[in-house]
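S.K.: Chains A and B are the protein sequences, given in the same order. First residue of the first sequence: 1, per our numbering; consecutive thereafter. First residue of the second sequence: 1, per our numbering; consecutive thereafter.
Calculated directly from the structure, the hints in this document are not laboratory data. Computed from a prediction, not measured in an experiment: that's the story for all the values here. Each residue gets a CB set at the ideal place from its N, CA and C atoms; glycine is no exception. Careful: at least some of the hints might be erroneous.
Selected chain A positions facing chain B (Cβ under 8 Å, derived; list incomplete) [stated by the list, open to error]:
#1 G33
#2 G36
#3 V196
#4 A207
#5 I223
#6 P252
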Amino acid sequence: MRVVTASIVAAALSVSVAQAEELRIGFMATFTGPGGNLGQHLRDGFLLGVEHAGGRLGGLETRVIVSDDQLKPDIARQEVDKLLTRDKVHFVVGIVFSNVLMAIYKPVIESGAFLISANAGPSPIAGPLCSERFFSTSWQNDQTHSVIGKYAQDKGFNRVFLLAPNYQAGKDALNGFKRYYKGTIVDEIYTPLGAVDFSAEIAKIQALKPEAVYAFMPGGSGIALIKQYAQAGLSQQVPFLSAFTVDDTSLPAVGALADGMVSASQWAVDLKNPANERFVSTFRARFGYVPSYFAAQAYDAAQFIDAGLKAVGGRLDDKAALRDALRRAQFPSVRGGWKLNTNHFPVSDFYLVTPGTLGDGTRAMVHKELVFAGYADENAKDCPMRW
Amino acid sequence: MDFALLLVQLLNGIQVGILLFLVASGLTLVFGILDVINLAHGALFMVGAYVGALVALGTGSLVGALAAAPVAAFLVGIALDRLVLRQLYDRDHLDQVLATFGCLLFLNELARALFGPGARPYPLPAILDGSIALPGGVSYPLWRLAIILAGCLTAAGLTVVLVRTRFGMLVRAAATNASMLEMLGVDVRRLCLLTLGMGAALAGFAGAMAGPIVAIQPGMGDQILILAFVVIVTGGTGSVRGALVGSLLVGLADTLGRSFLTDLARSALPPAPAAEFGPAVASMMVYVVMALVLLVKPQGLLPVGGSRR
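The task is simple: from the sequences and hints, build the whole structure.
M.R.: What follows is the structure, encoded as structure tokens:
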């Protein structure tokens, strides 16, 4: 299933010239398998960010080498070795899934290259395993779940039913939810990873009659869950709260069935700030679909690298200076502000998002209210870095 | 335990089983009669779902979608036979598995190339998108009832075709002793082609029926294919009745396992081990059932009589 691997994306980018002045970026994401859609969003967002910098991040000729991790940690290891030794990349950017990030984390940071996650944010990397070579332009995994938990708490939902796939991220999700939620959990169900039928779980929800459901069900499973939840007539009866389930990647497939379902995000397509308006309008014109938070985070990753490199005059050899510049980098983030925590994860505002319509009638996830202002993730206290 | 909940979960188990039957019936025909392990069957399921989704979205006609999907899958199945399987009928199972697995990957990637990696919408008419109230304060989605109905009709239709028609008689004869049939002057190759096409059409129809409740995306058939193999091994390969019984057994084991095992574990174990044990065993239930059946009846529940080889 090796298809998209290492296709050199030189479309709008300039051809490499002077070797010394070239910035090489290995862009790794998942392009095949059920999560393949997410890699496309991530890559398109990043390439648009490079394009908006004139194809020259930090004033350097920029070559982006795209690599497919196939959502397989072992393949990701091989691919990242190629990027590091054959292509001698200065940055590895991208990464949709946490298990892939964990697999390539050590090889990349020990090689001396910088690793920028535009999506995955597993807690060890935000805590004890944090590194001065690693930066995130997304979030730490628990944050979105905690924000929804806080929302459920603030709204006074007293009895909540929890649903997640039976693997580590599913358990982390439900624990994240419980961080700020103090009401009663009527039941928590772990479904087999990759499940496509939720009739048994939905019948349970109907029998238990909770005040709300919280679900973490990424990918195709989530789409099936949304459809089946709505078809059972539950959408109107029991509010459906979720994370990484109802979003701009699943919305085109579920349409109006997701109406009224809420999720949380640090970014939304309709956030009012000049950087976001430019990003959204050019993204839609360029790629013909509505960007998701994946694309927004990757776009920010390109801006982040650009800002850091500019501050050191494009010097790639002085890693300590580049690290300091990245820590202090300022750029117009599409989320409406940029601040890094000591563990190199962003401190962001989190919003409640829900399916809505944009000015031209296109359906997209729009923000409803601010749930958590300046949310710095709790793992930072376990990270020894101080700066 | 709530009686109404048990009733609904039984209904859910039957529905999951019926959906599996739609996929497994085609697979068991091809496996039982042609002795071909057709892994591309999962891709034919996907073809049905995609064609159904495209027609439903493009024309707004559900009937059109349900009609077009089996036709498209039939044509793809015939093409597969002409291009690939034809050479493999007399080869061993490993060759067939490799070739049809290649077809599966090819069709999955073709779907990605044509329609992108994202999931496709498959709108249902408003009257079928809702649910009806059942006694006991629970409701049941109408489309799932439609799946049960379609499965029953398919089972009845297949039985009529296989038991009452000349074509069905020949198919059953081919399943029992193909070379004898050939010596009697029957064009077995053509019979095989039609059987494969029929299996493909059934997979396509299953895809079109499942489309509204699952995510329509490349590779969507891979997982259901595994369950379909569990079904036909449990039920006895080549037997449509076996596929029906196997499907219902697998569907019920899966659904009831997911529904009640964790609760049962909680009543016997402390909370933490119960939370680990319940979901873990629930996801193994279908394989446990298969293993138990094979332990008692190694040929499956209702094997086809006679020897093929």
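S.K.: Each of the hints needs a verdict: does it hold here or not?
M.R.: Hint check:
The criterion of a C-beta within 8 Å of any C-beta in chain B is met by A/G33, whose closest approach is roughly 6 Å, and the hint holds. Hint status for A/G36 relative to chain B: holds, with the closest Cβ pair at about 4 Å, below 8 Å. At a threshold of 8 Å, the smallest CB-CB gap from A/V196 to chain B is about 5 Å, leaving the interface hint in force. The closest approach between the C-beta of A/A207 and any C-beta of chain B is roughly 4 Å, which is under the 8 Å cut-off, so the hint is satisfied.
Because the closest C-beta pair between A/I223 and chain B is about 4 Å apart, less than 8 Å, the hint holds. The beta carbon of A/P252 comes within 6 Å of a beta carbon in chain B, closer than 8 Å, and the hint placing it at the interface holds.
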